[in-house]
Amino acid sequence: MVKFTPSFNRLVGELAKLPGIGRKTAARLALFILRQTPEESLALADAIKELKERTRFCSRCFHFTEDDPCPLCTDVGRDDQLICVVEEPQDVIAIERSRSYRGRYHVLHGALSPLDGIGPDDLKIDALLKRLQQNDVKEVLLATNFDVEGEATALYLAKLIRPMGVRVTRLAHGIPTGSDLEYVDEATVNHAVEGRREL
Amino acid sequence: MTLTRLILHNYRNIPTAEIHPEAGFNILYGDNAQGKTNTLEAIYLLGHYKSFRRGRNEELIGPADRHCRVAGEFYNEKLTENVCLTISSDQKNLQINGKRPQHSNEMFGRFPSVLFAPEEVSITKGSPAGRRSLIDRALCHTKPSFLDQARAYQRCLRQRNALLKEGASPVLLFPWTEELIRAGALVRLARRQYLERMLPLLREAYGEICAGREIANLVYPTSYDTFTDLAEELRRNLEKENAREKKYGMTMAGPHRDDPVFMVNNRVLGLYGSQGQQRSFILAFKTAQIRDLEQETGSVPLLLLDDMTSELDRKRLDFFFRFLLERRGQVFITCTELSPLQNAGFNNMRAFRVQEGILCDY
Numbered sequence: 001m002v003k004f005t006p007s008f009n010r011l012v013g014e015l016a017k018l019p020g021i022g023r024k025t026a027a028r029l030a031l032f033i034l035r036q037t038p039e040e041s042l043a044l045a046d047a048i049k050e051l052k053e054r055t056r057f058c059s060r061c062f063h064f065t066e067d068d069p070c071p072l073c074t075d076v077g078r079d080d081q082l083i084c085v086v087e088e089p090q091d092v093i094a095i096e097r098s099r100s101y102r103g104r105y106h107v108l109h110g111a112l113s114p115l116d117g118i119g120p121d122d123l124k125i126d127a128l129l130k131r132l133q134q135n136d137v138k139e140v141l142l143a144t145n146f147d148v149e150g151e152a153t154a155l156y157l158a159k160l161i162r163p164m165g166v167r168v169t170r171l172a173h174g175i176p177t178g179s180d181l182e183y184v185d186e187a188t189v190n191h192a193v194e195g196r197r198e199l
Numbered sequence: 200m201t202l203t204r205l206i207l208h209n210y211r212n213i214p215t216a217e218i219h220p221e222a223g224f225n226i227l228y229g230d231n232a233q234g235k236t237n238t239l240e241a242i243y244l245l246g247h248y249k250s251f252r253r254g255r256n257e258e259l260i261g262p263a264d265r266h267c268r269v270a271g272e273f274y275n276e277k278l279t280e281n282v283c284l285t286i287s288s289d290q291k292n293l294q295i296n297g298k299r300p301q302h303s304n305e306m307f308g309r310f311p312s313v314l315f316a317p318e319e320v321s322i323t324k325g326s327p328a329g330r331r332s333l334i335d336r337a338l339c340h341t342k343p344s345f346l347d348q349a350r351a352y353q354r355c356l357r358q359r360n361a362l363l364k365e366g367a368s369p370v371l372l373f374p375w376t377e378e379l380i381r382a383g384a385l386v387r388l389a390r391r392q393y394l395e396r397m398l399p400l401l402r403e404a405y406g407e408i409c410a411g412r413e414i415a416n417l418v419y420p421t422s423y424d425t426f427t428d429l430a431e432e433l434r435r436n437l438e439k440e441n442a443r444e445k446k447y448g449m450t451m452a453g454p455h456r457d458d459p460v461f462m463v464n465n466r467v468l469g470l471y472g473s474q475g476q477q478r479s480f481i482l483a484f485k486t487a488q489i490r491d492l493e494q495e496t497g498s499v500p501l502l503l504l505d506d507m508t509s510e511l512d513r514k515r516l517d518f519f520f521r522f523l524l525e526r527r528g529q530v531f532i533t534c535t536e537l538s539p540l541q542n543a544g545f546n547n548m549r550a551f552r553v554q555e556g557i558l559c560d561y
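Chains as they are written, first to last, in my numbering: chain P, 1 to 199; chain Y, 200 to 561.
Hints were generated in silico from the structure; no laboratory data involved. Just so we're clear, the structure is a prediction, and the values are computed from it rather than from any experiment. Note that the Cβ used here is the ideal one computed from N, Cα and C, for glycine as well. Keep in mind that the hints are not guaranteed to be accurate.
Listed next, the in silico DSS-like pairs over lysine-lysine satisfying Cα-Cα at most 30 Å (straight line) [claimed, not checked]:
1. K445/Y to K124/P
2. K249/Y to K277/Y
3. K364/Y to K124/P
4. K446/Y to K159/P
5. K159/P to K291/Y
6. K159/P to K130/P
7. K445/Y to K17/P
8. K17/P to K298/Y
9. K24/P to K298/Y
Non-contacting residues of chain Y with respect to chain P, defined by C-beta distances greater than 10 Å in every case (computed) [to be verified]:
10. Y228
11. E257
12. S321
13. S332
14. C355
15. G472
Only part of the chain P face toward chain Y is listed, based on derived beta-carbon distances under 8 Å [as the list claims (entries may be wrong)]:
16. S113
17. L115
18. V148
19. K159
Given only the sequences and the hints, what does the whole structure look like? Please build it.
Right, dumping it as structure tokens:
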């Protein structure tokens, strides 16, 4: 890697910490920023500063927000009796993009993983249980990922929530839209058969 | 499926080599420790991306450079495809037709090869892990999705063991037990289904080898063959091991501990089998695996035979040569002596001499 000026090297070092950015790409980005007008590059710096200053977790659902409670929690058009539990903020964005869901959210910020030392206390589970106790929630939709950790987290939550008299549902999974049955693996077909429904 | 070109670069003791194998029989011939098995291993790598020998990546890399390369050109039904595997100490880079495959489904079962190495004979007597691995490796080729299932199970197993080790409460353990049961039942189901399908082929091959005097059997230690029943069975297995799990801090039942029993005439081969019976059994297993793979996928796997003549006696060798002659498809054989193979009546045969890491036409 070509050593340039100290300030250039510093920026390259910082950019290279970003996910998906290697030293080469970082150097390219830094050169691009160097060639920008001062206004343009300062706008980037300011955008980062503003993001960090103004964004925090919503005290109800733990999604990222600038206003607490977040717009999703204060939207009067949403169903208070339905809460969708997800692992990460980007999962909220994915579900919102589909425009198919009109309830509230709860972000766990992770999934159970004993190998990484992540237990229930490291996730926003207590806050979720409190929300369920204090509000009149009829249904919790578990939308954690479908990997081993996500499934285990869903099973763990279901066992805690069911005794509270709240209906617990799991996001359905099965054959992807537009795909041929013959190319789908047994595990998926198995799930799809279990989750079959009346036509 | 034919390997039409094999290129090696800085691979083990082979500095550089390029050979153009025959569509039929290819003999790698030479003294011991010259690079015959290394060549066979390289071909195996092109279909499995992992060696059949244990060891770290470094051991595959020769002294000339920090990485090595194995590349092959396959020809199947008028289609030519290229595979290139570059290995450095910390990673493997695979390209198929110049592109990195996105999913394991694109990699496995595409360039199938079946290996028969002398050390595999000891699997019948060795640890259960060897027998499970023999079945799993065979099964992967007809069902690439098994790999994901096995990985999910391993992942869940490690998570659950981490909890057991720290003596976690039943509340914390519960979701991992449930997940383990589901993933484990899928692994057992896949193994059961595979064995059920290939067992008649195995019996038939064993009968051919020993002229019908003995009957081979392979029993997988589960009593059910549907997902729901297998899941309930695994649940009972785990409940029974509850106390021992707490004591040892690890999962004591499940597909990772199953011991598939290899039998001849209703006697367990590992305990009572003669050396000859063990050899016949592995030979029959491999034959059945190949026939099953051909029936299921319609593609003919490459056969990689490492030093067959050393482990098999006259009678078994005759059977195997007959089997080889009856089937079409490409075969690679390593040996120290050419004459038994020359007398076996193989036509379209090509011999390569391997000497001190150099491959040349004989």
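Going through the hints against the structure:
Only pairs whose Cα atoms come within 30 Å are accepted, and K445/Y paired with K124/P is accepted, the gap being roughly 29 Å. In summary, the hint linking K249/Y to K277/Y is supported, as the alpha carbons are separated by about 27 Å, within the 30 Å threshold. Of the pairs offered as hints, the one joining K364/Y and K124/P holds, with about 25 Å between alpha carbons and a cut-off of 30 Å not exceeded. At most 30 Å may separate the alpha-carbon atoms for a hinted pair to count; K446/Y and K159/P meet this at roughly 26 Å.
Proposed proximity of K159/P and K291/Y is contradicted: the alpha carbons are some 42 Å apart, above 30 Å. Under the criterion of a C-alpha separation no larger than 30 Å, the hint pairing K159/P with K130/P is consistent with the structure, at around 16 Å. For a cut-off of 30 Å, the pair hint linking K445/Y to K17/P is broken: about 42 Å separates their Cα positions. For the hint linking K17/P to K298/Y, the alpha-carbon distance of about 27 Å falls within 30 Å, and the restraint holds.
Among the hinted pairs, K24/P with K298/Y is consistent with the structure: their alpha-carbon atoms are about 22 Å apart, no more than 30 Å. With 10 Å as the threshold on Cβ separation, the claim that Y228/Y sits away from chain P holds: the shortest Cβ distance comes to roughly 43 Å. The claim that E257/Y lies off the interface holds: its Cβ sits roughly 24 Å from the closest Cβ of chain P, which is beyond the 10 Å cut-off. For S321/Y, the shortest C-beta to C-beta distance to chain P comes to about 33 Å, beyond the 10 Å cut-off, and the non-interface label holds.
Every C-beta of chain P lies more than 10 Å from that of S332/Y, the closest at about 21 Å, which supports listing it as non-interface. Consistency note on C355/Y: stated as away from chain P, yet its beta-carbon is not over 10 Å from all of that chain's, at 5 Å minimum. In this structure G472/Y is separated from chain P by more than 10 Å, as the shortest Cβ-Cβ distance comes to about 34 Å. Because the closest C-beta pair between S113/P and chain Y is about 6 Å apart, less than 8 Å, the hint holds.
With a cut of 8 Å, the hint placing L115/P at the interface with chain Y holds, because the nearest CB-to-CB distance is about 5 Å. A least Cβ separation of about 5 Å between V148/P and chain Y falls short of the 8 Å threshold, and the interface hint therefore holds. Restraint check, K159/P versus chain Y: the minimum CB separation of about 6 Å is within 8 Å; hint holds.
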